Structures are given as structure tokens and as C-alpha cells.
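Asker: Listed here are the chains, written in short residue letters.
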Amino acid sequence: MAETSRNLEHLIDREYTAGFVTDVEQEIFPPGLSEDIVRRISAKKEEPAFMLEWRLEAYRHWLTMREPRWAHVNYSPVDYQSISYFSQPKQDKDRPKSLDEVDPKLLETYEKLGIPLREQEMLAGVAVDAVFDSVSIATTYREKLAELGIIFCSFSEAVREHPELVRKYLGTVVPPGDNFFASLNSAVFSDGSFVYVPPGVRCPMELSTYFRINAANTGQFERTLIIADEGAYVSYLEGCTAPMRDENQLHAAVVELVALDNAQIKYSTVQNWYPGDENGRGGIYNFVTKRGLCRGVNSHISWTQVETGSAITWKYPSVVLQGDNSVGEFYSVALTNNYQQADTGTKMIHVGRNTRSTIISKGISAGHGQNAYRGLVKVLAGAEGARNYTECDSLLFGDRCGAHTFPYIEVKNRTAQVEHEATTSRISDDQLFYCMQRGLSREDAISMIVNGFCKQVFKKLPMEFAVEAQKLLDISLEGAVG
Amino acid sequence: MSVPGQAAGAKTLRIRNLRAAVGDKRILNGIDLEIRPGEVHAIMGPNGSGKSTLAQVLAGRDLYGITADEFSYGGRDLLAMAPEERAREGIFLAFQYPVEIPGVSTVTLLKESLNAVRRHRGEAELDAMDFLTLVKRKLALVDMREEFLYRSVNESFSGGEKKRNEILQMAVLEPRLAILDETDSGLDIDALKLLADGVAKLRGPERSFIVITHYQRLLEYIVPDYVHILAAGQIVKSGGRELALEIEHQGYAWLEREPGAAGRPLAAG
Chain R
1 MAETSRNLEH LIDREYTAGF VTDVEQEIFP PGLSEDIVRR ISAKKEEPAF
51 MLEWRLEAYR HWLTMREPRW AHVNYSPVDY QSISYFSQPK QDKDRPKSLD
101 EVDPKLLETY EKLGIPLREQ EMLAGVAVDA VFDSVSIATT YREKLAELGI
151 IFCSFSEAVR EHPELVRKYL GTVVPPGDNF FASLNSAVFS DGSFVYVPPG
201 VRCPMELSTY FRINAANTGQ FERTLIIADE GAYVSYLEGC TAPMRDENQL
251 HAAVVELVAL DNAQIKYSTV QNWYPGDENG RGGIYNFVTK RGLCRGVNSH
301 ISWTQVETGS AITWKYPSVV LQGDNSVGEF YSVALTNNYQ QADTGTKMIH
351 VGRNTRSTII SKGISAGHGQ NAYRGLVKVL AGAEGARNYT ECDSLLFGDR
401 CGAHTFPYIE VKNRTAQVEH EATTSRISDD QLFYCMQRGL SREDAISMIV
451 NGFCKQVFKK LPMEFAVEAQ KLLDISLEGA VG
Chain D
1 MSVPGQAAGA KTLRIRNLRA AVGDKRILNG IDLEIRPGEV HAIMGPNGSG
51 KSTLAQVLAG RDLYGITADE FSYGGRDLLA MAPEERAREG IFLAFQYPVE
101 IPGVSTVTLL KESLNAVRRH RGEAELDAMD FLTLVKRKLA LVDMREEFLY
151 RSVNESFSGG EKKRNEILQM AVLEPRLAIL DETDSGLDID ALKLLADGVA
201 KLRGPERSFI VITHYQRLLE YIVPDYVHIL AAGQIVKSGG RELALEIEHQ
251 GYAWLEREPG AAGRPLAAG
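The listed protein sequences correspond, in order, to chains R and D. For the first sequence, this note's numbering begins at 1 and goes up steadily by one. For the second sequence, this note's numbering begins at 1 and goes up steadily by one.
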């Protein structure tokens, strides 16, 4: 026990000396974006010169760009000058003192998901020292990982401790000028995760943001970079099934994955940001750029996502298949209820020979929800023997929602094989009556049918994540069918 | 007719003056029927006479406006019971047109159903092993292979396979009142025998059956205690097994020719 508490003290101590949570007293920048703000963010984070230059270049580029309008979503314009681009974690005095002060609806959801009390407090942002628990867990993990040479830390920490790796890979998959939101992120990103798995190492556990120190308050402009060196393997879990409290309406994250020869990266996401109320008020705008680069031969990247939150989702986790024989996969469940809108899908860019990609997309629309699949399969001239299989299914509840499919296929090589299948179905009263006649309640029947519909995707999630994702869908669909 | 034993849980279905309509269209026009535990009733009648509607109304389909002087099962008002509650109380409908449920395996539906019924009865849910043992035994009964269990419910099943799936579900759930809605249509003679065997194995003093059929052929295998003829939403004639043979020889046309027949429904039993 004494040992543990000494370790803990040591940790807390180290955290402070590392400059993480120092100077929390006042820092929140005034709203607005300018070169000066970008400089101040970089200074605040004590970044090396190259990082500042990188941010400034991105910012200057961003100024020349216009917000994309092609997505099948509708929202009032974002005023980028009214946002504050840097804020320190909330202070205790501004947080709820206990769960009694937290929105009962949120607590009800936690209850249904079976989240332990301590974690509920953490998620709801209650001012308790629950964070110490996660620090100690995280540290145990990190020590074990360090023995294998695996680096798993916050992005800011990586910039300070491993600048050579950051410099080598940052922006190699999503360049700072890639798109409007990616450029904005590159200029002002707050923090995020960094993972490096050295050659030949198989990461022995699922890496999860949940166990990352200082994960709090990085949601708005998160930046993640994951590198699997030759022959390495890593599985990464992002997000949390519990609805996270967040004050920021605009989220513009960037995730970059790099897989070298014979390396494999599995990236799983459960996204459940606040979707707005049942009338469509409030809710997060989630404009994310996620891309993986299969740089080496036989490399393999798979994205698995379960998207149930956010008012607006604009997200296309993609894979550039550069190495010969590389494999890209995208498995997605996107659910929109009430007034949620999602425009999501993927891009598979076949560059190398004998590259293969699989796309399985399951869209569920209920209420007034609008759900669009948008996917690009591109086979370049040199991609001899490329193959793609796309399956795109939509499930509708009621007659006020919508499902849309926008597949783009560009093939420049005659040896390519590209398959696209799409179905749209509605949960019918006949199906529900059939199940109810066998003794199932209406809710259980819906849950069974929806989970059946999503099975191909859930199978790709780590076990516990899959179970939580199922529960999450049930909760998200509550009241969807009268 | 022998008086059936009153086994525990045995229930009687009582229907008096049951009427059902969709909008202005009247489909059932005053059905009277009583089915006691252990009895097998056959309901025959021409197309459009209301046979399937009667089955759907019994199971709780909410498409119809319904009135009745009495519509009860085991003394409980059926109109106050949701479809799943009726199912858990032991009412089973083998559908004429079983619906496809993509992505949901047959074994999943069976397990969810059986456990819902068991929970309702206050019995423990079966674990995966016990459940599989049970289902495999029942599979043999309907002469189906195990891989059948792992296919999506009725998806790309042949007509015969869909009907076998209904029989399998009946065998697993062991209902107290089973309604077979033209389960025999589209079945070859072997499948017909399987269906009859399935019913024979379940037949007992506590269970009753409503066998809806167009043809007398099925009744050679499932011998009914009573036969009712349904026409224009009313039971126009009731009798014993011999009534079915009469239909076989004469068809249904005579019903319309016989004056008063349609206007004077006979009470069953």
C-alpha cells in the first residue's frame, strides 16, 4: 500500500513538473482566430519552432479556403471568429460538485449502459479526484508498453519528447492543406494521442484514449497520429459509448495512421457526442478527417466505426493503399435519429499492385434523421490487380427519415475488379408482429433486428466494445418506433 | 367425444359475436367459437371467407377494428393483451406467409422467443448449451439440418423450408393453443407428414389446435375433433370430421345455394 501511494505521489508530482496542468488559473483565449492566436497556442504548449511553422503554414492556407458545402447536410454557418481556440481544463469550481447537479437524463443513460459510479462522475465532469485512478491505470499500462518500446502518450508530450518522430510523420497522410477542417485543425489543434509501435512488435493490449492521461478537454481540435513500423501490430480504440459532456459545438479532429511494410493497424471508434435534443436544438458538429496510409508492402489498415452521436457528422475514414498487396477496410454503422444528419463513408485509393479493399456500411435512419453514405473507390493506373468490394445497406424507421447513397468509382486500370452492392429496407410491421407473436416485446424485436442488421460491423469490434455498441444502439433508438 | 382431462395450465378459448373490420370493410361478422383444452378444431372455407383474419385477430394483429361480446383465453380478455403477452400465455400462430428477417439468425429468434416465454412463466432462461441440445432434438423432428439454424430467419428459404421453420418454432415453444394458418399449403406429402407428426407429438389434454386449411387432405393426418365452415366472416356450419369430407366432394359452392345457411351460424362444440 505504502508503495502504491508513494508511486501515486510521484506520479502527480511528475505530472506537474511535466507542465501539463500548471498555470490553470486563468487561461482561456479571447474568441477569434489570427496568426497571433496560433503563435500563442504554440507558445502555451512550449512547442519547438518546427511545430509553430507548421501551424502557421496551415493557418495561412486555411485563410485561402472555403468551407465545403457538398455534403448532404444542412446547418447554420459556423462563425469561426466567435470560437475560443484555447482553453485550459475546467476548474473545479466551475464543475458540478456531485452527480446530483448533473442532468438526470444523462445519468439515466449512464445507468442503462451500466457504467460504474466513479466513471459516471468522470464522464460528467464532476470535480472529484477520480482522475487519479485513471492516472495510475494509465501509468501501469504505459510502463508495460515502454518495455516493448511502444510509445503511447498525448500529442503534446510527443511533440516535446519525440519531436523527430512527429516531424517525420505528421502531415504525411493528411497534409495541412488537405481540406478546410483539416487545415483549421492543423493550425490550432489542442491535443490528442500519439502512438508508435517499433518494428516487429505486436502491441499486447487494445490502446484506448480512455486510459490516456489528460484526455480531458481535447475534444474540440483533437490530433492523433499512429505509426506501426515494419511488421508491427496495434489495435486502437477511440471514444466511449457514454455521452460525453462538451461545451464546444464545433469539433474538427484529424487522425493519421501510417503502416509500414507488413504492419497492421486496427482503429475502432464509438462516437456518441451530444446529438442535440429531440427538436434538433444544440448538438455537436463533428467534422473529422481520418485517413490511413498503407505505405509498406502487405500492410493492413482497418477502420471500424459506430456513429450514433453528434447533430452533424461529416466523416470519411479512408485508406491510401500505396504498398503492393496492402489491404484497406472500412466497417461502419451510422445511426441518425430525431434531427441528426450524417454524411459519412470512406475513400479507398488503390495505388499499389494487388491491393484490396472492403467497405461495409450500415446506415440506420429514424425520426427525421438523414443518413448519407458517400464513398470513393479509386484505382490508379499502376494498381494492377486491385480489388474492391462495397456493401452499403440502409435501414429505415418510419417515413420521415431519409437514406442516401453516393458511391463514386474511378478506375484507371483494366485489371481492377470493383463490386458494389446496396440495399434499402424498412423495419416492417410484419417483421415486428412476427417477433412479438413469438413472445418478444416490441423493443426487444427492434433491438434484435437492428443488431442483426449491424452484425457484420459489430463482429469487427473488440468484444466488450461490441456489447456496449449494441446497448448504445438500443438506447439511441428508444422511442424511434411508436 | 371424450371429456379431456383438465391439466394444469389448460385454458379455454371463448369467442362470442366476434366482429372485425378494416375501415369500412367488414371481414368477420359475428364468430362464435369455443375451444376447450385438448381439442383440435379445423376451420375451412373458401378464399376471402375470413380464415386468416381470424388467425391474425387471435394473435393480436392491430390492423383491425374489433368488437366482441366475449373474446377470452383462460378467462382473460384477449383484447386487453398485447401480442407478445398472448404469445407468452401460450398462443402460437404458424404464419401463412412467414416474414423474412435479414441478419437475424433462426437460432437467435428461437432463443429469444423461448426465453421470453420461460421468463413469463417464472422459469429460468436456458443457457446456450441446454438450449442447443433442445433445439437439435427438435430439428430432427422436422428433418432439418443444423446449418438451417444459422441462416437468417426465412431469408432465401424455399416455401417448404419456411413452413418447416414454423413447425420447428412450434415444437420448441410448445404452445398451449396453436393456430396453423394454411401451414399445409405448398407442402409436399413428406412435409405434410412431418407437420402432422409435429402436431401429434404435441397433442395432449392441455393443448388445443386450430387448423386452418383449404383442403381436407391435411385432416387425414391431423384428425380434428370439430370442423367449422367459414363463409363471409361467419361460421355457417359446424360438425365432426365427416364435414370435411363433404366439402371435399361438394366444394364450397353449395353453401351459397343452401338458403339460410350463411345467415344462421351454428355454435361450435
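For the record, the hints were derived by calculation from the structure and aren't laboratory data. Worth double-checking, as some hints may not be accurate.
[As the list claims (entries may be wrong)] For lysine-lysine, the following BS3-like pairs were computed, each having C-alpha atoms within a straight-line distance of at most 27 Å:
#, chain 1, residue 1, chain 2, residue 2
1, R, K455, D, K136
2, D, K111, R, K455
3, R, K455, D, K25
Keep in mind it's a predicted model, so treat the numbers as computed, not measured.
Asker: Of the hints given before, which are not true for this structure?
Answerer: Those not satisfied come down to hint 3.
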